[in-house]
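Participant: Below, each chain spelled out in residue letters.
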Amino acid sequence: MNDLTPTREQRSAALEGMGCKRKRVEDIRFTQGKGNYVDDVKLPGMLHGDFVRSPHPHARVKKIDDSEALKVPGVLAVITAETLKTVNLAWMPTLAGDVQMVLADGKVLFQNQEVAFVVATDRYAADDGINKVIVEYEPLPPLVDPFKSMDADAPVLREDLVGKTTGAHGPRKHHNHIFEWTVGDKELTDAAFKKAEVTIKEMISYHRTHPSPLETCQCVCSFDKIKGELTIYGTFQAPHVIRTVVSLIAKLPEQKIHVIAPDIGGGFGNKVGAYPGYICAAVASIVTGKPVKWVEDRIENLTATSFARDYHMTTEIAATKDGKVTGLRVHVLADHGAFDACADPSKWPAGFFNIVTGSYDFPTAHLAVDGVYTNKAPGGVAYRCSFRVTEAAYCIERAMDILAQKLNMDPAELRLKNFIKPEQFPYHSALGWEYDSGDYHTAMRKMMETTGYAALRKEQAEKRAAFKRGETREIMGLGVSFFTEIVGAGPSKNCDILGIAMFDSCEIRMHPTGAGIARMGTKSQGQGHETTWAQIIATEIGIPADNIMVEEGNTDTAPYGLGTYGSRSTPVAGAAIAMAARKIKAKAQMIAAYKLEVHEDDLEFDIDGFRVKGLPEKFMSMKDICWAAYNSVPPGMEPGLEAVSYYDPPNMTYPFGAYLCVMDIDVDTGVYKVRRFYALDDCGTRINPMIIEGQVHGGLTEAFAIAMGQEIRYDEVGNVVTGSFMDFFMPTAVETPHWETDFTVTPSPHHPIGAKGVGESPNVGGVPAFSNAVNDAFSFLGATHIQMPHDYWRNWKAAKDLGAVA
Amino acid sequence: MIPGSFSYHRPASVADAVKLLSDLGDDARPLAGGHSLVPMMKLRLATPAHLVDLHGIATLKGIRRDGSNLVIGAMTTQHELLASDDIAQSMPILHEAALLIADPQVRYRGTIGGNVANGDPGNDMPALMMTAGATYRLEGAGGARDVAAADFYQGAYFTALEPGEILTAVSIPVPAAGHGYAYEKLKRKVGDYATAAAAVVLTMSGGKVATCSIGLTNVHETPLLATDAAKAVIGTSLDAATLKKAAAAAEAIMAPAADARGPVEYRKHVGGIMVTRALQRAAAKAK
Numbered sequence: 001m002n003d004l005t006p007t008r009e010q011r012s013a014a015l016e017g018m019g020c021k022r023k024r025v026e027d028i029r030f031t032q033g034k035g036n037y038v039d040d041v042k043l044p045g046m047l048h049g050d051f052v053r054s055p056h057p058h059a060r061v062k063k064i065d066d067s068e069a070l071k072v073p074g075v076l077a078v079i080t081a082e083t084l085k086t087v088n089l090a091w092m093p094t095l096a097g098d099v100q101m102v103l104a105d106g107k108v109l110f111q112n113q114e115v116a117f118v119v120a121t122d123r124y125a126a127d128d129g130i131n132k133v134i135v136e137y138e139p140l141p142p143l144v145d146p147f148k149s150m151d152a153d154a155p156v157l158r159e160d161l162v163g164k165t166t167g168a169h170g171p172r173k174h175h176n177h178i179f180e181w182t183v184g185d186k187e188l189t190d191a192a193f194k195k196a197e198v199t200i201k202e203m204i205s206y207h208r209t210h211p212s213p214l215e216t217c218q219c220v221c222s223f224d225k226i227k228g229e230l231t232i233y234g235t236f237q238a239p240h241v242i243r244t245v246v247s248l249i250a251k252l253p254e255q256k257i258h259v260i261a262p263d264i265g266g267g268f269g270n271k272v273g274a275y276p277g278y279i280c281a282a283v284a285s286i287v288t289g290k291p292v293k294w295v296e297d298r299i300e301n302l303t304a305t306s307f308a309r310d311y312h313m314t315t316e317i318a319a320t321k322d323g324k325v326t327g328l329r330v331h332v333l334a335d336h337g338a339f340d341a342c343a344d345p346s347k348w349p350a351g352f353f354n355i356v357t358g359s360y361d362f363p364t365a366h367l368a369v370d371g372v373y374t375n376k377a378p379g380g381v382a383y384r385c386s387f388r389v390t391e392a393a394y395c396i397e398r399a400m401d402i403l404a405q406k407l408n409m410d411p412a413e414l415r416l417k418n419f420i421k422p423e424q425f426p427y428h429s430a431l432g433w434e435y436d437s438g439d440y441h442t443a444m445r446k447m448m449e450t451t452g453y454a455a456l457r458k459e460q461a462e463k464r465a466a467f468k469r470g471e472t473r474e475i476m477g478l479g480v481s482f483f484t485e486i487v488g489a490g491p492s493k494n495c496d497i498l499g500i501a502m503f504d505s506c507e508i509r510m511h512p513t514g515a516g517i518a519r520m521g522t523k524s525q526g527q528g529h530e531t532t533w534a535q536i537i538a539t540e541i542g543i544p545a546d547n548i549m550v551e552e553g554n555t556d557t558a559p560y561g562l563g564t565y566g567s568r569s570t571p572v573a574g575a576a577i578a579m580a581a582r583k584i585k586a587k588a589q590m591i592a593a594y595k596l597e598v599h600e601d602d603l604e605f606d607i608d609g610f611r612v613k614g615l616p617e618k619f620m621s622m623k624d625i626c627w628a629a630y631n632s633v634p635p636g637m638e639p640g641l642e643a644v645s646y647y648d649p650p651n652m653t654y655p656f657g658a659y660l661c662v663m664d665i666d667v668d669t670g671v672y673k674v675r676r677f678y679a680l681d682d683c684g685t686r687i688n689p690m691i692i693e694g695q696v697h698g699g700l701t702e703a704f705a706i707a708m709g710q711e712i713r714y715d716e717v718g719n720v721v722t723g724s725f726m727d728f729f730m731p732t733a734v735e736t737p738h739w740e741t742d743f744t745v746t747p748s749p750h751h752p753i754g755a756k757g758v759g760e761s762p763n764v765g766g767v768p769a770f771s772n773a774v775n776d777a778f779s780f781l782g783a784t785h786i787q788m789p790h791d792y793w794r795n796w797k798a799a800k801d802l803g804a805v806a
Numbered sequence: 001m002i003p004g005s006f007s008y009h010r011p012a013s014v015a016d017a018v019k020l021l022s023d024l025g026d027d028a029r030p031l032a033g034g035h036s037l038v039p040m041m042k043l044r045l046a047t048p049a050h051l052v053d054l055h056g057i058a059t060l061k062g063i064r065r066d067g068s069n070l071v072i073g074a075m076t077t078q079h080e081l082l083a084s085d086d087i088a089q090s091m092p093i094l095h096e097a098a099l100l101i102a103d104p105q106v107r108y109r110g111t112i113g114g115n116v117a118n119g120d121p122g123n124d125m126p127a128l129m130m131t132a133g134a135t136y137r138l139e140g141a142g143g144a145r146d147v148a149a150a151d152f153y154q155g156a157y158f159t160a161l162e163p164g165e166i167l168t169a170v171s172i173p174v175p176a177a178g179h180g181y182a183y184e185k186l187k188r189k190v191g192d193y194a195t196a197a198a199a200v201v202l203t204m205s206g207g208k209v210a211t212c213s214i215g216l217t218n219v220h221e222t223p224l225l226a227t228d229a230a231k232a233v234i235g236t237s238l239d240a241a242t243l244k245k246a247a248a249a250a251e252a253i254m255a256p257a258a259d260a261r262g263p264v265e266y267r268k269h270v271g272g273i274m275v276t277r278a279l280q281r282a283a284a285k286a287k
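Just so you know, the protein sequences line up as chains A and B, in that order.
Each residue of the first sequence is one higher than the last, beginning at 1 in our numbering.
Each residue of the second sequence is one higher than the last, beginning at 1 in our numbering.
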């Protein structure tokens with residue numbers, strides 16, 4: 001060895017493996033405007049489609065007259081439900097077991113519903129065309145309030161379901177009822193409430209909002225009549241699932257469908273399911289023989305493409321006088337709009353809402369969810385959320401604060417008293433989950449110490465006294481949130497989409513020079529997979545991350561996987577990567593043993609190669625092993641160095657975190673200021689701390705938006721009034737608070753590298769932190785629960801209702 | 001979100017622009033920064049057959065002094081207003097308000113003429129111009145005329161502009177040295193129109209308000225001059241009772257629409273608070 005020999009630290013650092021704050025490799029193209037998005041796809045002879053949409057929330061379609069539209073220069077075709085019926089595609093299945101109109105079939109059920117699809121030689125002509133299609137409607141009474149959906153005299157929305165007393169998830173109680181889903185022990189829970197010393201009950205609503213990715217949903221469909229092949233470029237979070245669904249509903253052989261998801265500008269759950277635009281573009285391509293592009297605009301995305309949340313959760317907690325919880329009872333009224341277009345694993349009509357016991361040791365719990373139809377856009381999808389976990393976390397975290405208030409206990413103390421203890425893991429929850437690992441007390445105490453929680457409470461008490469003396473018009477709130485997420489869908493024993501088990505996959509192929517390519521069944525929409533997946537491989541097999549190219553999104557080349565949503569990529573595909581890498585490593589060890597002339601068992605892996613135990617100078621680098629794999633393998637061994645792994649996770653992963661929001665509110669205007677926001681996340685093993693931090697920043701910003709104003713709102717007659725970023729709150733850098741991030745590390749015991757998901761945690765934990773801060777600020781004036789969103793005027797109204805403003 | 005087809009014209013002089021507008025009639029619209037018109041065209045709520053782009057007319061740009069007035073060409077952008085030392089020093093409320101208009105990208109393109117001529121009650125500059133006692137120069141086939149900002153606004157998007165006329169310049173009397181000023185704007189986020197906003201220009205003498213002018217943005221179908229509120233503070237030291245009276249007088253003339261910014265009651269309430277805060281801040285700044 002001489003001075004130029006790299007140290008172990010240098011060799012390890014050169015890999016840029018797990019734990020390294022590696023810069024995102026995809027940003028080189030994104031920051032220079034060189035990404036390749038669906039709207040960048042331009043095929044020869046490509047046509048453009050655009051929708052005629054309904055101005056009515058509920059109406060009968062009497063007549064569609066396309067004669068004037070067809071006279072518009074450039075307009076080639078107008079597709080209606082009647083056209084689609086000729087190929088049996090007027091309706092399509094949803095991932096939730098419902099069916100959805102592709103184009104209005106006799107009726108429209110929500111404002112801006114797709115009525116006709118105009119195909120033209122350019123985008124302008126298509127828009128000229130939609131303005132010339134004359135649709136005759138007969139308005140029907142709209143049903144807007146989900147609490148009135150099951151009234152005896154409620155209008156019948158879904159005429160296709162008349163007489164059907166059973167839906168995809170069991171019996172239907174009413175013509176506007178979709179499903180009832182119950183979990184837990186009702187008798188035991190009722191008994192716990194009967195003998196409870198203290199109970200609370202509150203109807204906690206999580207309003208309708210929208211994932212609103214900056215890139216809207218879009219596709220280019222190209223049907224080759226000669227080959228009988230359909231190529232679809234689309235903004236798909238789950239391209240393989242799309243291919244299978246297209247194959248099943250269009251009756252095309254799966255090998256003749258090529259689904260390509262290029263760069264995607266944000267998904268957040270909006271791009272998991274299928275939308276009428278995809279079907280119409282595909283049919284239009286088949287009809288015209290030309291490629292057809294469909295790109296929705298912002299108004300269409302916000303008002304017609306799947307929304308999120310809209311859960312109305314009547315929540316009860318039973319507890320002892322000294323603050324030990326003894327039971328939880330929740331009833332949810334779920335507003336799905338006109339069609340149940342949730343994108344949950346198929347057997348879970350309310351997703352994983354049964355994580356609603358949260359981080360607390362509830363001895364018993366019972367949950368019932370009723371899904372209903374209204375005249376609103378269909379959904380709801382999991383907006384940066386593992387299937388209704390955001391709703392569940394909001395429900396329990398708000399309810400715990402309400403209980404703390406009733407008991408006159410500090411909300412942090414109440415949580416510490418009821419947390420699942422470290423020695424209880426793996427923990428079986430009353431509603432059926434097995435939590436893999438956690439150390440909640442440590443995380444909570446770290447949050448309290450780092451933020452100076454006790455001092456903040458003292459300051460709050462002083463400010464409240466000053467407010468009461470009339471010395472200030474500002475009130476201060478502390479929002480505590482402690483969430484447990486459930487991510488990594490999922491084990492085949494309980495998770496599938498339309499019957500396809502929710503595994504994920506990785507294929508690694510090493511090249512002779514020590515470089516390689518890894519292909520995945522997942523699809524990044526901004527998560528940075530090209531960066532982090534290479535880091536896992538780098539650490540596992542000792543090849544620098546820079547030498548590994550990561551490729552996703554092309555169903556012809558990538559191994560089958562279920563895609564990226566629900567924070568499942570790291571828990572499922574991340575595991576597949578490690579397992580595939582370990583297969584590579586195992587073969588590499590055999591090759592190294594042969595070349596170093598020792599037995600395999602005499603070798604140990606050392607950062608970037610194999611070393612003979614006890615003989616440090618006898619070493620073969622992985623780079624050299626890659627070369628040998630192609631030209632001097634042991635006798636009897638096949639040449640080459642590649643592996644594929646399909647990973648069926650044994651369990652979900654359960655990331656958690658402790659958040660604190662410090663907020664000041666001017667009661668006269670309702671204007672709030674987030675003075676401080678601290679987020680401690682525990683996502684197990686940390687692959688790239690910088691990407692985790694970025695994910696936390698993004699998720700917190702969305703949580704801030706949702707809690708403080710972001711909503712899809714309908715007026716009382718069913719007009720959607722939040723159709724643009726003027727009224728749909730999308731915070732800019734100016735409004736966004738400063739984020740303080742922190743972490744603890746409690747690895748998942750069942751995951752090959754101990755990692756859990758993180759992308760959604762900040763959205764899940766952030767919303768209750770903001771909402772609890774607002775509620776905490778007003779609590780000393782007598783408030784128990786103020787519904788979200790907490791925008792300025794609603795804060796002022798809360799103050800006014802509490803008598804704090806004249 | 002795709003506009004219909006239109007013809008594009010780019011005249012080089014005001015005379016040419018005026019001629020085009022009068023020849024083309026109702027089907028033509030002048031185009032300044034386009035921040036109001038182009039989105040309306042994308043929604044096909046506006047479908048002009050002809051756009052007369054004013055960017056080619058050099059004389060419509062620039063800021064100059066004319067005696068005791070500041071004259072600003074209609075095609076001067078918000079960004080150029082912000083870059084002007086003369087405005088920052090002699091008319092600082094204009095600088096302060098321009099900074100509250102949308103974001104830098106919008107301000108690079110948006111013009112003072114477009115902002116005041118469109119008649120959108122959400123725009124910030126009209127109330128400011130009324131407060132400052134500005135006049136607008138309007139030029140049409142029949143020649144040029146000057147109209148006081150206070151007489152210009154007739155209803156939402158309805159102004160004193162006659163068909164074929166173009167607003168070519170804004171003339172603002174430079175306020176007295178040592179005046180106090182403030183533009184208080186409550187908005188939900190960057191780029192939003194005001195939930196309510198108030199402009200105040202005043203002078204103080206011996207600790208009491210000597211002169212005062214108050215303008216209101218987005219609390220009525222037109223910008224408003226709150227003359228009663230301004231009268232209520234003259235001769236006072238802006239004590240709590242006076243501020244309350246002024247806010248009430250201002251609220252009495254407000255008639256905002258209920259929208260996502262809040263119900264009518266809230267928008268009037270915060271309108272009053274904007275008046276109070278603007279008066280207090282302006283008084284503190286006066287010398």
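Derived by calculation from the structure, the hints in this document are not laboratory data.
Treat the hints loosely; a few may be bogus.
As the list claims (entries may be wrong) - Just some of the chain A residues that point at chain B, by a computed CB distance under 8 Å:
id	residue
1	Thr669
2	Gly709
3	Thr732
4	Trp796
Stated by the list, open to error - Computed footprint of chain A on chain B, listed as stretches where at least three residues anywhere in the stretch have a Cβ under 8 Å from a Cβ of chain A:
id	region
5	139-149
6	181-191
7	250-262
As the list claims (entries may be wrong) - Sample of chain B residues facing chain A (criterion: CB under 8 Å; computed from the structure):
id	residue
8	Met40
9	Arg44
10	Leu100
11	Tyr266
12	Ile273
Predicted model, so just to flag it, every value in this text is computed and none were measured.
Using N, Cα and C, we set each Cβ at its ideal position, and we do this for glycine too.
Participant: Hints the structure violates: just list their numbers, smallest first.
Facilitator: Hints 5, 8 and 10 are the ones this structure does not satisfy, whereas the remaining hints hold.
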